[in-house]
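Chemist: Chain residues, written in single-letter form:
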Amino acid sequence: MLNPEDVPGLVLTGASAQRELDAAPQFKVGDSVTAKNIHVPGHNRIPSYIKGKRGVVDRYQGSFAYPDDAGKARPTGEAQHTYSVRFTASELWGNQHNDVVCISMFEDYLVQD
Amino acid sequence: MTNKKHTHPPSAVDLRVRALESLLVEKKIINPATIDTLVETYETKIGPRNGAKVVAKAWVDPAYKKRLMDDATGAIKELGFSGIQGEDMIVVENTATVHNVTVCTLCSCYPWPVLGLPPVWYKSAPYRSRIVREPRAVLEEFGVKLPKEKQIKVWDSNAELRYMVFPERPAGTENLSEAELAKLVTRDSMIGTDLLEYTG
Amino acid sequence: MNSVHDMGGMHCYGAVVREVNEPVFHAEWERRVFGMFIGSFATGMFNIDQFRHAVERIDPAHYIESSYYEHWLEGLLTLAKEGGVLTEEELQGRMQELSMEEPQC
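Chains as they are written, first to last, in numbering that gives the first Met the number 0: chain Z, 0 to 112; chain L, 0 to 199; chain F, 0 to 104.
Just so you know, not all the hints are guaranteed correct.
With a Cα cut of at most 30 Å, we get these calculated DSS-like pairs of lysine-lysine [to be verified]:
(1) L/Lys152 - Z/Lys27
(2) F/Lys80 - Z/Lys71
(3) L/Lys144 - Z/Lys52
(4) Z/Lys50 - L/Lys147
(5) Z/Lys71 - L/Lys27
(6) Z/Lys27 - L/Lys76
(7) Z/Lys71 - L/Lys26
(8) Z/Lys27 - L/Lys64
(9) Z/Lys52 - L/Lys147
(10) L/Lys149 - Z/Lys27
(11) L/Lys64 - L/Lys182
(12) Z/Lys35 - L/Lys152
(13) L/Lys64 - L/Lys144
(14) L/Lys152 - Z/Lys50
(15) Z/Lys50 - L/Lys182
(16) L/Lys149 - F/Lys80
(17) Z/Lys27 - L/Lys65
Just so you know, these hints were derived from the structure itself, not from any lab.
Start from the sequences, fold in the hints, and give me the full structure.
Modeler: Below, the structure is given as structure tokens:
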């Protein structure tokens, strides 16, 4: 049970979902990728508006507990590499703006073009 | 979730909450005094003043700014801010050509250690649905009008990284101290829904 | 999963409405829910993705109509029930008891 005296320490520490991972990242900055068209009834962190859309790897973001596994059971999920992937407004919404959306993607959500 | 006032005074909800708390206390999962301490922490100690200090320091200290861009989590921790919902941070810099704005379309992820708990609008359906699709229209509702040439980067924090926007330092602030600069920095400027101005 | 929580790009939710000088919490029950969330998370009752998944499974109509901390409340209740911490009957029973204690006017 969390007691009042534990609060300052807990608040300042939190619980990082970052996890060590030996395997090398599959993608590198600048790669063209497509977000998978995944529809599963369980938990995941891939929003519908980017499914099937093409983007570019903007930066590598480290390895984190994979939410699709973590959402199912008490043990946290296996680690996976994550990337910030940049999608243009024209790819997502069909408009002419120069704007972009950058979104964090687990490796399993992406395929290389 | 919609734009309705937040507390449609839900006596039913209130009763449900009290019942849950009483059961969790009875089952020794929750200590009610801990709830009070947590609430006090987020009502009085952790809020956007923290982020404002980070921004002001980075404006006046180029070496700190470099650390903030290279390792935001570490640089923010130097000022004593870290932990829950900011375990892993990224700071994105507004420039003459790029304006950044943050959202969490799937839930309401937000960098608590630097900005505190999110305002209702940030968690609301209108903001979450629209900012990725029509950022210019949403920003205009906030009074932020950007030239067409300026690119908007919307950061959807759908994984475990939390984003803070590093706003541009307003013109005319060359002679202000770090503490004075920190007072200019608004919460919304660190979300990306405000532009800072200095009127002297 | 595909549900209403996945809001990016949706139409028809209207303008973003902001509250001037918004307080951190709007009611005491929100404070209690917030504290219970952190407190039960710290005991290892669930991880963050399980919590998100519990919120995503809220009835879609209720999700849209209810406020943020109501989502947290329902998420917590779902996880407490699924984790064997309490039952719906216990909850209903306790609500009944507490409502009897309230002054009748």
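Chemist: Check each numbered hint from earlier against the structure, then list the numbers of those it violates in ascending order.
Modeler: 15 and 16
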